[in-house]
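Remember, my numbering sits 250 above the position in the sequence shown when you count from 1.
Because the hints were derived from the structure by calculation, they are not lab data.
On a predicted model such as this, the values are computed, not experimentally measured, just so you know.
Certain hints may be false.
Result set (EDC-like, lysine to aspartate or glutamate): computed pairs, CA atoms no more than 20 angstroms apart in a straight line [as the list claims (entries may be wrong)]: (1) K411 with E389; (2) K321 with E303; (3) K321 with E389; (4) K271 with D296; (5) K369 with D412; (6) K578 with D546; (7) K369 with E350; (8) K321 with D309; (9) K288 with D317; (10) K578 with E589; (11) K411 with E358; (12) K264 with D284.
With beta-carbon atoms standing in for the labels, derived distance ranges [to be verified]: (13) R513 with E564: 29 to 37 angstroms; (14) A567 with A480: 25 to 33 angstroms; (15) E387 with R462: 53 to 61 angstroms; (16) Q498 with R582: 41 to 49 angstroms; (17) H277 with Q498: 40 to 48 angstroms; (18) S583 with V550: 15 to 23 angstroms; (19) T501 with A559: 35 to 43 angstroms; (20) T501 with G455: 24 to 32 angstroms; (21) R513 with A567: 23 to 31 angstroms; (22) T501 with G579: 39 to 47 angstroms; (23) A451 with T501: 29 to 37 angstroms; (24) R463 with R555: 48 to 56 angstroms.
Built from N, CA and C at the ideal position, the CB exists for glycine as well.
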Amino acid sequence: HFVPNITFGPQTLKAIRPHVKTVMDVHLMISPVDAYLKAFAEAGADVLTAHPEAGPHFDRTAQMIRDLGCKAGAALNPGTPLAAIEHVLEENDESLGAVEQMLAVLAEAGPEPVAPEAKLRFQEALERVRANVTEAEEEPEIGSVSTSWEAAAAGDATARKDTVEALRRLASVNRAAMHRANHEAQQLGSAGAWAAALLCALGFGAALVVKRRLDRRILRPIDELTTVLAAVLAGDSHRRCTIAGAPQALTPVMRSINAVLDRSATDQAEDPDHDDMLAAFRHLLDEGPPRVLVDDRNRVLAASRSVMAAIDEEAWAGTRQALALATKGDVRSPVRSCEAVGPRCFLCTLNQTPNHEAQAADVG
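Whenever a hint applies, use it, and build me the whole structure from the sequences.
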């Protein structure tokens, strides 16, 4: 993602430059980039590295950087093909073509002076090389050719030898630059691929860590709570939550559940005939008017089938409130009567089944 703003700009580089002797390679992940090149060069940058993806003319950007006296670098995103900097290589290729043309002109003439039309071709090729300088090492060789080529074209053997040698060195400079750029591009591609692979590996590893923490801190404790409650409902009065190793946030919940289960087990232990009494009442409740058996905590222990069949959530909430009051001696509709039938147990007789329509009719 390329942005116009710069967090660490030329002023930061200018402040750091006097205190360091290392090469300052400025990576400009910005767009537009050309407008900032001069400021960074004047601030002390040795290398200015830009992105071909940030603009349509990276070759111009690279040339501007070289004109400012800095080395030009290219940075490619992992998804960018190497073809993005092929045109930079083509510039060196153009220089090589011009060098070959000049050598061909001299070779065609042999020891004789160069013909006027061939001399024109040599001069045109030399101008192309001068206009396409991409490496600092090219300039002295171009200077040598510029000094000796006219004498060489006139047939001076020494000047011709000097010109040919300078042209060969110029070709070597451009060829080396092409190999170097190609090697750097391959390294960028490999680095990008490895970076992408590393990011994928890190992402996968992070996902595994998150899954393990989620499993340990949330899923396992919830599964433990579900298993305990299911076991208790199935009749296992000894099953409790395992607190050792449980996450700190859920430990109080597990302790509270264990305390409730312990208290329930204690109550049942104090009344050995509790289960037998409940079984008897469940059988008797279906005889006669609708009745409900509750304990002193307003827990429903048993109820008539007529009550269960006609239960309505809204009406039942009101009935539960009336049952709670009745166990404390305050009997009111829809409870007709309430009597203690055992330790902490009360048998409440209702006027009618607790459905919403019946209560509405009673109020009317």
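Hints, verified against the model:
no.	hint	in the structure
1	K411 with E389	holds (19 angstroms)
2	K321 with E303	holds (19 angstroms)
3	K321 with E389	holds (15 angstroms)
4	K271 with D296	holds (11 angstroms)
5	K369 with D412	holds (17 angstroms)
6	K578 with D546	holds (9 angstroms)
7	K369 with E350	holds (14 angstroms)
8	K321 with D309	holds (13 angstroms)
9	K288 with D317	holds (10 angstroms)
10	K578 with E589	holds (10 angstroms)
11	K411 with E358	holds (15 angstroms)
12	K264 with D284	holds (19 angstroms)
13	R513 with E564: 29 to 37 angstroms	holds (30 angstroms)
14	A567 with A480: 25 to 33 angstroms	holds (26 angstroms)
15	E387 with R462: 53 to 61 angstroms	holds (57 angstroms)
16	Q498 with R582: 41 to 49 angstroms	holds (46 angstroms)
17	H277 with Q498: 40 to 48 angstroms	holds (45 angstroms)
18	S583 with V550: 15 to 23 angstroms	holds (18 angstroms)
19	T501 with A559: 35 to 43 angstroms	holds (42 angstroms)
20	T501 with G455: 24 to 32 angstroms	holds (29 angstroms)
21	R513 with A567: 23 to 31 angstroms	holds (25 angstroms)
22	T501 with G579: 39 to 47 angstroms	holds (40 angstroms)
23	A451 with T501: 29 to 37 angstroms	holds (35 angstroms)
24	R463 with R555: 48 to 56 angstroms	holds (49 angstroms)
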